[in-house]
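As you go down the protein sequences, you meet chains A and B in turn.
Quick note: the first sequence uses this note's numbering, first residue 1, plus one each step.
Quick note: the second sequence uses this note's numbering, first residue 1, plus one each step.
No lab work stands behind these hints, which were simulated from the structure alone.
All C-beta atoms in this analysis are idealised placements derived from N, C-alpha and C, irrespective of residue type, glycine included.
Mixed in with the good hints there might be a few duds.
Said to hold, decoys possible - To give an idea of the chain B side of the interface with chain A (calculated C-beta under 8 Å), a few residues:
id : residue
1  : Y4
2  : R11
3  : E340
4  : A346
5  : R351
6  : E353
7  : A430
Unchecked claim - Covered stretches of chain A, going by a simulated chain B footprint (3 or more residues, C-beta under 8 Å):
id : region
8  : 51-58
9  : 102-109
Said to hold, decoys possible - Listing some non-contacts, in silico: residues in chain B with all C-beta distances to chain A over 10 Å:
id : residue
10 : P17
11 : T70
12 : K90
13 : F117
14 : R149
15 : G209
16 : L266
17 : L383
18 : W399
19 : I403
20 : V410
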Amino acid sequence: MLRMTNLSKVYRTHMIETHALRGFEIEVREGEFVTVTGPSGSGKTSFLNIAGLLEEFTSGEYILDGVNVKGLDDNARSRLRNEKLGFIFQGFNLIPDLNLFDNVDVPLRYRGFNASERKKRIEDALSKVGLASRMKHYPAELSGGQQQRVAIARALAGSPKLLLADEPTGNLDTQMARGVMELLEEINAAGTTILMVTHDPELAVRTTRNVHIIDGRVSDLVRRGPTLVDARAATAPV
Amino acid sequence: MFGYYFRLGVRSLRRNPALTALMVLTLAVGVAASVSTLTILHMMSSDPIPQKSSRLFVPLIDNGPVEGYTPGEDPEDIQISYKDALNLLKGGQGVRRTALYGVSAPVQPPRADIQPFNLTGLAPTRDFFAMFDVPFLHGQAWTEQDDARGADVVVLSREIAEKLYGDADPVGQRIALMGFPFTIVGVIDNWMPLPRFYRLNGGVRYGAGEEFFIPLATSIRHEVTHNGSMSCSSNAGAGFAARLASECTWITVWFETASAGDRAELQTWLDNYAADQRKLGRLKRNAQNRLYDVPEWLVYTKVVGKDSKLQTWLAFGFLALCLVNTIGLLLAKFSVRAAEIGVRRALGASRAEIFRQFLIETSVVGLVGGVLGLVLAFGALALIGMQGKQTAAVAHMDWQMLILTFVISVGAAILAGLLPTWRACQVTPAIQLKSQ
Chain A
1 MLRMTNLSKV YRTHMIETHA LRGFEIEVRE GEFVTVTGPS GSGKTSFLNI AGLLEEFTSG
61 EYILDGVNVK GLDDNARSRL RNEKLGFIFQ GFNLIPDLNL FDNVDVPLRY RGFNASERKK
121 RIEDALSKVG LASRMKHYPA ELSGGQQQRV AIARALAGSP KLLLADEPTG NLDTQMARGV
181 MELLEEINAA GTTILMVTHD PELAVRTTRN VHIIDGRVSD LVRRGPTLVD ARAATAPV
Chain B
1 MFGYYFRLGV RSLRRNPALT ALMVLTLAVG VAASVSTLTI LHMMSSDPIP QKSSRLFVPL
61 IDNGPVEGYT PGEDPEDIQI SYKDALNLLK GGQGVRRTAL YGVSAPVQPP RADIQPFNLT
121 GLAPTRDFFA MFDVPFLHGQ AWTEQDDARG ADVVVLSREI AEKLYGDADP VGQRIALMGF
181 PFTIVGVIDN WMPLPRFYRL NGGVRYGAGE EFFIPLATSI RHEVTHNGSM SCSSNAGAGF
241 AARLASECTW ITVWFETASA GDRAELQTWL DNYAADQRKL GRLKRNAQNR LYDVPEWLVY
301 TKVVGKDSKL QTWLAFGFLA LCLVNTIGLL LAKFSVRAAE IGVRRALGAS RAEIFRQFLI
361 ETSVVGLVGG VLGLVLAFGA LALIGMQGKQ TAAVAHMDWQ MLILTFVISV GAAILAGLLP
421 TWRACQVTPA IQLKSQ
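Start from the sequences, fold in the hints, and give me the full structure.
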């Protein structure tokens, strides 16, 4: 689904160079639910932005669903983003003056679906997150958890292959966070690959794989019983 | 996507009503100022008879004295002498020809309830009406025989006919003009070319229609003096007959040719005529004999003054100032939309799509500004029109200007929106999404 090989990202100002990612290697297979953890400044956000084609990388290779994204122009990257990716953000990022229907409609418009197709997809997506009855409401009329559900519906409406979630429960209380996490697990169970950045170790242990990033490099972790252990150590006898 | 973006644009107008109102008002004031002055310039300089303006020619024969003359300089007047006018008429050139001068005459109304009053009008020959496509409400132009014998016949304007006879057809009635009984042979319908190109002397160039027409020969027979300017390079002598025989210029001649291509032939004839006159001791300046079609005539006679052009430039300068302000307001409006741009980019909008969306949004501002600008322009033109009859004649909008108003408004808004829109496209989505 996603493969990055020897990828690096360097931010340059006229004074200094900052290596956000270096020799970064990762492969996410179709159907996986992968969490990305790591301390602040470790490169999690840079990785997610590059994975979501929101930022260019400096060197290396990135294959997204069989497409080498290096050298693609803005139109091609936007089309790829629209067709293959779905985004869920910590701050929900709904457009405040559009109602729920129109918010979910945004990515479908760029896809070029006709009106009836868009309507069907919007209604299906909002039904999936339990908000079909509130599609004429505006984001400000919803709780944080409900807003995040709308954001999930918006991400799902275009049937993306990969869902990128950046701290999706970071702005929610425990109960709402649990609800959102359960929803993501359902989506993953239905076949959508999910890549989720989180600071919450409890969420990390619920997924099939955890990628830990330190100083712009990957340290792959897997679940062993109730705890996560280094993937290399997991192969050694207990 | 155009409809989608248009709807988003309309919706965004409501997002920040105060800022939107300020933008629309700024744009509308600039548009109103430029459109109202442009309308006046357009009306002043428009072709008054487009269907044949390239086939109507006015000749200028310079009969001024040699003293103080520099070869190549313009004649002192835009009219010619009576003797030249008469000779040009007799020459029979073109398919039609006329000589004319402005006249005024007292009229004794047939109704007791109306006091005698003065009419201003024109003394042309019969061809005038056909040459300038003058529309008739009743009757027709006088005959060639009337021209030849200087018959006491008159054509009235619709306004005067209705004032004197109401809705009745007055053709055949007799009316006392200058104390003589004149037979009414026709009534023309409303006719007021802008500018009054056929007679540009006398200062009144707009908004003055003719109230009556009498044959040139009749006017001469009754010794009706000209109503307008006259230029004499030497003492004309006393009396009307002396004026007719003088080199004073106070009359205008027009030719109509079958096609614009007949101009060269007419020019040759005019040059030959001038050469003959020189042999008789006249036209000592030996100046070039000029021939102007209608558009050339309007330029030569400076129908559109420098002041009008300067005012238009100033108004467009003001529009530019309004645009600069609009750019600032749009920058402010779009800068608060960075988060939305980030979201749209993440959801699949390319930079080109964002550019399209925001440009259409500025067009909506331009459209609303255009509507308001149109209302303000109508108000400004009404105010200008109240300044006098001449300005009232040119201070009204035709459909071309109506369309141009929207083109200017939307064009100005798009121009103002280019920089803010370009900047909106440069938003880095990753930063905006994280900062939410």
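These are the hints, each one checked on the structure:
1. Nearest Cβ of chain A to the Cβ of Y4/B: about 6 Å, under the 8 Å cut. The hint holds.
2. For R11/B, the interface hint holds, the least distance from its beta-carbon to any beta-carbon of chain A being 6 Å, beneath 8 Å.
3. With its C-beta approaching chain A no nearer than about 5 Å, E340/B sits inside the 8 Å limit, and its interface hint holds.
4. The interface hint given for A346/B is met, as the beta carbon of that residue sits about 5 Å from the closest beta carbon of chain A, less than 8 Å.
5. Below 8 Å, beta-carbon pairs count as interface contacts, and R351/B has one with chain A at about 5 Å; its hint therefore holds.
6. Given the 8 Å rule on beta carbons, the hint for E353/B holds: about 7 Å separates it from the nearest Cβ of chain A.
7. A distance limit of 8 Å between C-beta atoms decides the matter here; for A430/B the minimum to chain A is near 4 Å, and the interface restraint holds.
8. Three residues within the 8 Å Cβ limit are the bar, and the region 51-58 of chain A against chain B gives 3, so the coverage statement holds.
9. Evaluation of the coverage hint for the region 102-109 of chain A: fulfilled, as 3 residues show C-beta separations to chain B shorter than 8 Å, against a requirement of three.
10. Chain A leaves P17/B outside its interface by the beta-carbon criterion, the shortest separation being 12 Å against a cut-off of 10 Å.
11. With a cut of 10 Å on Cβ distances, T70/B stays outside the contact zone with chain A, its closest approach being about 67 Å.
12. Every beta carbon of chain A lies more than 10 Å from that of K90/B, the smallest distance being close to 77 Å; the non-interface claim holds.
13. Every Cβ of chain A is farther than 10 Å from the Cβ of F117/B; the closest lies at roughly 67 Å, confirming the non-interface assignment.
14. No beta-carbon of chain A is positioned within 10 Å of the beta-carbon of R149/B; the least distance is around 81 Å.
15. Even its closest Cβ contact with chain A, about 57 Å, leaves G209/B beyond 10 Å, as expected for a residue assigned away from the interface.
16. Under the 10 Å C-beta cut-off, the non-interface status given to L266/B relative to chain A holds; the minimum distance is some 63 Å.
17. Taking the minimum C-beta to C-beta distance to chain A, about 40 Å, the non-interface status of L383/B holds against the 10 Å cut.
18. Residue-level check passed: W399/B sits 36 Å from the nearest beta carbon of chain A, beyond 10 Å.
19. With a minimum CB-CB distance of about 32 Å to chain A, I403/B clears the 10 Å threshold, and the non-interface call stands.
20. Every beta carbon of chain A lies more than 10 Å from that of V410/B, the smallest distance being close to 24 Å; the non-interface claim holds.
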